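Between the sequences and the hints, there should be enough to build the whole structure, so can you do that?
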Amino acid sequence: MSVDAVVPAVAPVVSYPRSLTPVPTHYCPGCTHGIAHRLVAEVIDELGVQDITIGVASVGCSVFAYNYFALDFAQAPHGRAPALATGLKRVSPGKLVFTYQGDGDLASIGAAEILHAAARGENITVIFINNAIYGMTGGQMAPTTLPGQRTTSSPLGRDVRTQGHPLRMSELLAQVDGAAYVARRSLHDVVNIRRAKKAIRKAFEVQQQGLGFAMVELLSSCPTNWGLTAQQSLDWIRDTMVPAFPLGDFKVPGDAPEAGGSRGPSAAKAGVSTAAGNGRAPKGGR
Amino acid sequence: MARELLKGNVAFAEAAIRAGCEAYFGYPITPQTEALEHMAKRMPELGRAFVQAESEVAAINMVYGAATAGARVMSSSSSPGVSLMMEGLSYIAGSRVPVVLVDIMRGGPGLGNIAPAQSDYNQMVKGGPHGDARMIVLAPATVQELIDLTVEAFDLAERYRCITVVLADGSLGQMMEPAELPPMREPRPAAERAAWALTGAAGRDPHAITSIYLDPEEEEAYNQQLQASYRHIEQDEVRFVEEHMADARIAVVAFGTSGRLSLTAIETARAEGIRVGLIRPVTLYPFPVARLRRLAEEVDAVLVVEMNAGQMLHDVRAATEGHVPVAFFGRTGGVVPMPEEVLDAIRDLHLQLALEEAVA
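Same order as they appear, the protein sequences are chains S and F.
Position 10 of the first sequence, counted from 1, bears residue number 9 in numbering that gives the first Met the number 0, the numbering being contiguous throughout.
Position 243 of the second sequence, counted from 1, bears residue number 242 in numbering that gives the first Met the number 0, the numbering being contiguous throughout.
Among the clues, some could well be false.
Pairwise CB distance ranges, derived in the manner of DEER restraints [stated by the list, open to error]:
#1 F:Leu213 / S:Asp238: 16 to 26 Å
#2 S:Leu227 / F:Tyr212: 39 to 49 Å
#3 F:Ser82 / S:Asp188: 21 to 31 Å
Example chain S residues on the side facing chain F (calculated, C-beta under 10 Å, incomplete) [what the hints assert, rightly or not]:
#4 Pro76
#5 His77
#6 Leu114
#7 His115
#8 Asp238
Keep in mind that the hints were calculated from the coordinates and are not lab data.
Since the model is a prediction, treat every value here as computed from it, not as a measurement.
Ideal Cβ placement from N, Cα and C applies to all residues, glycine included.
And the structure:
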């Protein structure tokens with residue numbers, strides 16, 4: 000009796016997205032970069048835009064993103080991906096251009112580039128991986144490191160009196176009139192991963208529609224540099240990061256800029272986790 | 000095209016447009032801002048890309064991005080702004096995409112001033128960008144040459160997939176003189192961009208444009224490719240201008256504005272019977288090494304004139320390998336030497352040679 004007769008042919012439940020190259024990644028076990036890559040690739044596949052999408056990799060653990068995405072890719076100097084994407088998009092208006100940046104890249108050394116890309120309403124999509132630490136250089140304090148969080152460069156825990164406060168980039172960029180879509184999602188469980196994918200899709204659709212700057216911030220794990228197991232890391236995102244970085248849509252297309260914040264029509268959707276939201280209620284989301 | 004009275008900064012900006020430049024990214028800085036202003040008006044009306052960036056750091060990276068797409072792209076700036084571009088220039092050189100940059104030099108170091116200087120020579124010619132990267136450096140002496148070299152800069156950058164710098168000073172950027180612009184060349188259609196460009200991986204394998212090679216052996220192999228292209232440049236692209244060298248016993252070597260004002264001094268000196276000529280390097284990289292090496296057989300002394308403390312001087316000394324004495328006259332900090340000062344330096348050198356001859 001042959002094997003075929005015993006095991007009926009079954010279509011695989013999960014296949015590799017066409018926009019991902021089927022190779023092993025260099026990411027650490029338990030790191031959510033792989034999930035983020037896959038979500039972006041699935042969205043590109045579903046939108047049917049693989050042939051017209053150009054990515055810009057940044058400096059950090061995702062520096063080799065071009066090895067994993069089956070897409071044309073440029074690799075930017077640290078923090079400058081939004082500037083590269085600006086140049087690419089301005090001379091390639093028919094293409095879809097996205098950057099993939101970590102928190103040190105986007106919120107520290109590249110703070111000016113991301114802020115002004117948003118201010119110009121640059122018609123690009125930004126995937127922002129926030130794991131509250133520098134991964135590639137070995138776990139130093141990031142601009143999104145939480146107060147009290149221990150890193151190799153805040154060994155006693157981040158002391159806000161001398162080391163400053165974490166930046167909430169989504170809230171900050173939502174204030175900018177040129178930003179069309181700004182959302183924060185988390186990759187710590189299945190429900191949130193599915194929500195993240197919807198937001199990523201929205202961020203690409205906003206670019207397709209020429210509505211302006213779109214960014215999705217993804218709360219992500221770094222088990223290696225956090226010194227936690229993969230599961231503990233996901234729990235840490237849920238229990239510690241989400242309260243500090245509330246999930247939701249901070250700006251959606253159609254929000255009219257107005258004094259005192261960027262609340263627009265979609266604010267009514269609410270139902271958002273705002274444990275540490277400083278009174279600011281992000282819109283939509285969970 | 001007719002000759003018209005053109006300001007240097009406007010002239011090179013319009014020349015770039017007519018050379019088919021598709022995108023300009025820059026940041027205001029004196030004494031080159033008129034170029035940015037000209038681009039701000041002209042590029043949008045031609046349907047081309049113009050962005051006033053938030054900094055020179057961003058501007059050069061926008062240039063980098065547009066270059067990865069295979070577009071003809073440029074920026075312009077002045078000394079302190081160019082310093083900010085060094086990171087981006089290194090990545091551009093390291094990923095071999097063609098880019099044109101015009102540096103209208105001003106007095107320094109630091110914030111310095113807005114007066115003409117040539118003190119970015121070392122920065123632009125000796126590398127500037129980290130790593131073993133070179134940039135072709137062209138040094139115009141007139142507004143006409145500024146126009147012509149800007150046009151040629153695009154062709155050189157694309158031929159060698161490198162950065163081509165047009166290195167001029169604030170006086171050339173600000174001066175008006177009669178010059179002729181080239182005819183308008185339409186930008187290359189997007190469909191005809193280079194095969195390596197990022198255009199979306201339709202019907203082909205994806206392209207990655209990057210400058211990271213973690214394996215040192217791989218990085219060295221890549222460096223060898225870069226060096227091989229630099230050897231081609233050194234062999235085929237040397238340009239210089241000679242004046243009155245046929246009977247010269249003193250050779251003045253000077254580039255750009257220094258070369259121009261030295262010529263005035265040289266012609267006065269010749270009227271006084273001093274046999275002096277000029278070699279004006281037009282390419283600072285590649286440097287006219289072979290031509291300068293021959294000077295030892297032709298002249299008794301060399302005088303290098305620069306608007307800096309003696310930067311090209313070391314390249315002239317290296318090229319002549321100690322076979323001929325090399326003197327120097329320079330002004331720094333944004334001071335443009337008067338031709339009379341150069342004339343005095345020529346006279347001094349002439350007198351010194353005559354004394355040495357008399358003693359011998």
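Numbers of the earlier hints that this structure fails to satisfy, in rising order
1, 2, 3, 8
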